[in-house]
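Peer 1: In order, the protein sequences belong to chains A and B. Counted from 1, the first sequence has number 585 at position 585 by my numbering; the numbering is strictly sequential. Counted from 1, the second sequence has number 235 at position 235 by my numbering; the numbering is strictly sequential.
Just to be clear, a hint being listed does not mean it is correct.
Identical copies carry no separate label here, and so any pair may be met within one copy or between two of them.
Claimed, not checked - List of simulated lysine to any residue pairs, SDA-like, C-alpha gap at most 25 Å: (1) Lys268 <-> Ser330; (2) Lys339 <-> Gln350; (3) Lys34 <-> Phe654; (4) Lys102 <-> Thr657; (5) Lys34 <-> Arg246; (6) Lys281 <-> Leu206; (7) Lys599 <-> Asp624; (8) Lys398 <-> Ile200.
Hints listed in this document are in silico derivations from the structure and should not be mistaken for laboratory results.
The lines below spell out each chain.
2 protein chains.
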Amino acid sequence: MTANALHKPAVKADPAHAEMANAIRFLAIDAVEKAKSGHPGMPMGMADVATVLFSRFMKFDPADPAWPDRDRFVLSAGHGSMLLYALLHLTGYEAVTIDEIKRFRQWGAKTPGHPEYGHTPGVETTTGPLGQGIATAVGMALAERLMNARYGDDLVDHYTYVIAGDGCLMEGISHEAISLAGHLKLNRLIVLFDDNGISIDGSTGLACSDDQLGRFAASGWATCRIDGHDPEAIEKAIAAARQSDRPTMIACRTTIGFGSPGRQGSEKAHGAPLGPEEVEKTRAALHWPHRPFEVPADVLVSWREIGARGRSVRQAWKERARKQCSSDRSPCHDALNRKLPATYTERMAQFIAQLTAERPKIATRQASQHVIDVIATVLPNLLGGSADLTHSNLTKAKTQKSVTPATMDGNYIHYGVREHAMAAAINGIALHGGFIPYGGTFLAFADYNRPAIRLAALMGIRVIHVMTHDSIGLGEDGPTHQPVEHVASLRVIPNLLVFRPADAVETAEAWDCALRAETSPSVLCLSRQALPAFRTEASDHNQVALGAYVVVEPEGGRDVTLIATGSEVAIALEAAKLLAAENVQAAVVSAPCFELFRKQSAEYRAEVLGPAPRIGVEAAIEGDWARWLGDAGEFVGMHGFGASAPAEVLYREFGITPAAVADAAMRNIIRARAS
Amino acid sequence: MTANALHKPAVKADPAHAEMANAIRFLAIDAVEKAKSGHPGMPMGMADVATVLFSRFMKFDPADPAWPDRDRFVLSAGHGSMLLYALLHLTGYEAVTIDEIKRFRQWGAKTPGHPEYGHTPGVETTTGPLGQGIATAVGMALAERLMNARYGDDLVDHYTYVIAGDGCLMEGISHEAISLAGHLKLNRLIVLFDDNGISIDGSTGLACSDDQLGRFAASGWATCRIDGHDPEAIEKAIAAARQSDRPTMIACRTTIGFGSPGRQGSEKAHGAPLGPEEVEKTRAALHWPHRPFEVPADVLVSWREIGARGRSVRQAWKERARKQCSSDRSPCHDALNRKLPATYTERMAQFIAQLTAERPKIATRQASQHVIDVIATVLPNLLGGSADLTHSNLTKAKTQKSVTPATMDGNYIHYGVREHAMAAAINGIALHGGFIPYGGTFLAFADYNRPAIRLAALMGIRVIHVMTHDSIGLGEDGPTHQPVEHVASLRVIPNLLVFRPADAVETAEAWDCALRAETSPSVLCLSRQALPAFRTEASDHNQVALGAYVVVEPEGGRDVTLIATGSEVAIALEAAKLLAAENVQAAVVSAPCFELFRKQSAEYRAEVLGPAPRIGVEAAIEGDWARWLGDAGEFVGMHGFGASAPAEVLYREFGITPAAVADAAMRNIIRARAS
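If we strip away everything but chain A, and leave its shape as in the complex, we get (with noise of 0.2 Å):
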């Protein structure tokens, strides 16, 4: 018997069906009127969708939302969040009580307004912005083949369904996760479609006159169509999903606030509350007499019963897990509880050093790919990957094998020129568990995937971002590819690491911090120029894991402090010895993560960054610089876009020199003196 079994589909419609999704769609419309905000249209025509997928197919346990094996269930359509905190509420998530439920969209409510990771047990993905529930969900069915490639079916077998929304559909996004699902051939995939023909602004024809079952069908998926409200249709629809060898799409034709005599079918019935005429109008059309937040008990009892039905399932899960995977030292073990082994450790220890050693002139991309390899061999749960980039970012390591649909046992994703699905795939890997994924692109393209990104951010995952070719240093390709913005406009993201390592030595450090960051996502910035090493002595610790540390202290104490990143340490390292030839002390202090320094303490900011006059060192638009060099400093950096012209050349033509920076140094403690 396989895990599934349970959930074979009923050969017959239960007859409390419609209840059943009333008691959706009423959780829905009273909780939207109490709050005076929130969207009842999308709720109320899924309901009966939403109904047959929970009660006759999902696999899972409310009293286990982290269950490893469960199917996961992603509304793309995030706004639609109280058809899911229904759903929660009415199978018995303990967090989701009715009193939550009345508390939707209030400061600290399990209920907020989109769905939110982390925040409330049951919620898979955090959705909202259009279109990433349906990329992240791609990521979590990727993950979910990757892992049963390797630990099978008796660990590893479930589904992962999605809602999502015309609006979800017309977002560029959607093409990307369609697109690479196809052709990996995603089988365990299924997306519910809300084909209600409504978006904001009305009509969708006012918009869009997509074919989308042509369009997901030249991807690769299957496809059909059914009416949304009848509930054999549905079943039969997901059951035939479910034996499919690709993706599946199921454009449910629903109408809008189904059951709301005056608003049902129209743009109006999506983003305010009914009212509470029409509210009762819509009692009596849907014969749902009860008192506001009230679920009459044979219904509660029907859905609490749908429930309790993972339980035994799940048992029998965990009884095979512990078997398979009791050692400490099993790959599996390590995937499922997401872990680094202590091999990792030692090894990172044993490579740093053999780095500080070995003062390779190499770019930090380079470093990286040393770095990929090395962690590769301990690190049996590295998932590997970029956006047809992979011998620029290089990302692959030696002992890496692509991921294709017969080769679910690789560890490298080629996610093709889809950065923005390849993030959100990520964090749906992420979210999924058993890997540290990790992709790599361009950083003039962390524009193109900040959206997923920021997801990330907020949600609190450990995703991370190699992103190579990080300033003008990349030279000839010109101001599109150069990302004189990118770094500032990355720092701004709130729970997000900027790494920009300055030699191998760091590049290490900062991959190991990204490693360790359990809970936020990390970009690394990295040069496509080699970069001298100046980490050429050994540390007991990590000190990119600082944010900022001096790098030259010099005796005698400082005239000024100079502080780069990246690639302009080594500027800010030959500026100090024209500095030192005039007999000017110059501090310099290498800070590859501000996040991370802000952690620091006031004492160890203050002893950093030292009471002189402070140069900051930049390829890039000065951002917020300013919060560290302080009224007496001075920034050498970009002032607008870069150009196409070799690398030495822009440093030299954009003023990112030794001589500059030594002579904003001389210009500020003189400067700083006159005061």
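With chain A's structure known, arrange chain B on it following the hints.
Peer 2: Frame of chain A; chain B shown alone:
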């Protein structure tokens, strides 16, 4: 005879075709070789297609690259820039000399790594970031139809041709663009897909299995597949596309690096010089015995004849245009000249005076709605739109009419849930000329269209983004929709004007600045919630244009300066009252546009900021505020993501209140006195 008649395709292929195509190939090969960097594979592969397009169809005149009725050619696969530079040189664009070709990718050359609009005559739009070109072209093709509906075939009758590669079509933005173009039936748009089956990682089959023809067909496009090295097939396909009532995608099967015995058909031809040995082999294989950069005289003459062909067509057009657009006041004249009419200046001044007197307490998005209602009546070339948030962004004027395939005389675009394509399309509309385009979405979704906003800034074009729901002040929708870091992240994009107006008058002034910024894109960050009017005294100049200005100057000198933007100006004003009650003299500064403030004189900036401690107030991440606040300052704002709750609760819980600002002021005054 229509303006296009001269470009009716010849019945037979030009026998000189191969030589002409090889001229493109070898200019590309030689330039990349000399630069030691660049992308030869695509120009070599698409030389035949480009030769047929330019020699048999394109309407253009190298003597007047800005001729409004020229056909537009967009190289969406911008890395193949040498294809474009070769065409510009061969057809006779004066600026693109053979010496500039030889200076490919060098400092200051007209031939940068990727095509740059405004830098090289004949380049219609900056490309390189994949997918942008095709989406920008949708805007151009839309603008053509809109202009045609207004001014007729005599004045507006041209095509938009795009060369797009696999990468462009994998990017999500391509879906949005294709879907929008298909919906609007933009039949003057013809996409030539460089279907070479190769991307950077290797065979596209590594990452993509899409049926591209099926996908375009699903979005309402005409499609066909041809041999991209067969001139007759290319000609036939383009000729048919020009007759279609829908946009057309022609999949051109090509061989990347065509003619290079050792590289063709391989990703190795994509992004690196062939190397001297392989170049010689290619010369032999293609029977091109000429020296590097040498174009045989007869081949150059053939190309120059093609370049000269458009002159008479353009002259005839100019004659027609002179007759129809001679009056300074004709809308056609204004549209073609992109100027604001005098009536605009009068009406805007009058409207600002009215707002100053009326003192409405309204959301700035509502104020913006009023502005749009007013300016739509005096700017016939204003073109509105929203990414499916019309009723939330309040972007549609009462007098505006929706654009549909049947109503191309309309002036409001329902872009659908396609923020990215909207931003690229308004770039294309602005580049095409004839309109001042604006588009609306939520500020949080600035992350979705950021790559296109960046390109607008890089190109220096006037497009206006109306971004509402600009802070935690949007309330219950929660952190996914609350743009805490977006204002800061937009401020770091060079040449982008980011406005955050604080009341109705400032909103009108910000709109005025944006409309007058002919070489900068603008983002208007607008509140969902109502804000009190404080600009209640008439001003003889646009104060927002100063970037920041003093709203309250206390008599007897300042103890502290409170600097705020947007919705927080009201909080700063309240804080000043609290401080006044304690006998503390607080100045209040409104800082609606940091970029414009930076452009003011040092004296003016010092006067506004003042010598007293400074408190910055913005319901957002600090970003680059330290630049204004200095060592003695403090920032009152957000320190992480928002939350779902009513707006007033959020302001209280996150400590952005008059009392908190007053506390910060007292703290800093005391600290300053102590030091």
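Peer 1: When the structure is checked against the list of hints, which entries are broken? Sort them ascending.
Peer 2: As far as the earlier hints go, 1, 4, 5 and 6 are violated by this structure, in ascending order.
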